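A.B. asks: Build out the structure end to end from the sequences listed, making use of the hints.
Here the working numbering is used: the first residue of the sequence shown is 12, the next is one more, and so on.
These are computed hints drawn from the structure, not numbers from a lab. Given the structure is predicted, the values throughout are model-derived calculations rather than measurements. A few of these clues could be false.
Claimed, not checked - Beta-carbon label-pair distances, calculated as ranges:
{"#": "1", "residue 1": "Q84", "residue 2": "G49", "range": "20 to 28 Å"}
{"#": "2", "residue 1": "A59", "residue 2": "Q84", "range": "33 to 41 Å"}
{"#": "3", "residue 1": "G49", "residue 2": "T16", "range": "47 to 55 Å"}
{"#": "4", "residue 1": "T15", "residue 2": "A73", "range": "17 to 25 Å"}
{"#": "5", "residue 1": "E39", "residue 2": "Q19", "range": "26 to 34 Å"}
{"#": "6", "residue 1": "L18", "residue 2": "D51", "range": "44 to 52 Å"}
{"#": "7", "residue 1": "E55", "residue 2": "A88", "range": "49 to 57 Å"}
{"#": "8", "residue 1": "A29", "residue 2": "T62", "range": "46 to 54 Å"}
Glycine included, each C-beta is placed from N, C-alpha and C at the ideal position.
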Amino acid sequence: MDRTTELQHLIDAEKRVAQGEHHIARQEQIVSELDSHGHDATAELAVALLTTFRRCQVEHVAHRDFILRELQQHPAAPAPDASRRS
Numbered sequence: 012m013d014r015t016t017e018l019q020h021l022i023d024a025e026k027r028v029a030q031g032e033h034h035i036a037r038q039e040q041i042v043s044e045l046d047s048h049g050h051d052a053t054a055e056l057a058v059a060l061l062t063t064f065r066r067c068q069v070e071h072v073a074h075r076d077f078i079l080r081e082l083q084q085h086p087a088a089p090a091p092d093a094s095r096r097s
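C.D. replies: Here's what the structure looks like:
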């Protein structure tokens, strides 16, 4: 895969990680609110969803890290030096 495509994949992966963080934070708030209002059955479902979000986040981070490793292993070729041209 070419570097431009890999960089675009990295951008997409970073967006997924950021969205995952947002979803987890919001779901934690929901769980807290449900717990504080005594909505036990609904809170259980909310906790299950939070667990799913956290598992997905582990995968998102792992994928992003994989892309970063790939980019580090195959660094971009240096740009041609214009001063060396005749």
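A.B. asks: Each hint needs a verdict: does it hold in this structure or not?
C.D. replies: These are the hints, each one checked on the structure:
1. Q84 / G49: 20 to 28 Å: At 53 Å between Cβs, range violated.
2. A59 / Q84: 33 to 41 Å: 38 Å, holds
3. G49 / T16: 47 to 55 Å: 51 Å, holds
4. T15 / A73: 17 to 25 Å: Roughly 23 Å apart at Cβ, these two residues keep to the hinted range, so it holds.
5. E39 / Q19: 26 to 34 Å: 31 Å, holds
6. L18 / D51: 44 to 52 Å: With Cβ atoms ~47 Å apart, the hint holds.
7. E55 / A88: 49 to 57 Å: 54 Å, holds
8. A29 / T62: 46 to 54 Å: With a Cβ separation near 20 Å, A29 and T62 fall outside 46 to 54 Å, so the hint is violated.
Violated hints, listed in ascending order, are 1 and 8; each of the other numbered hints is respected by the structure.
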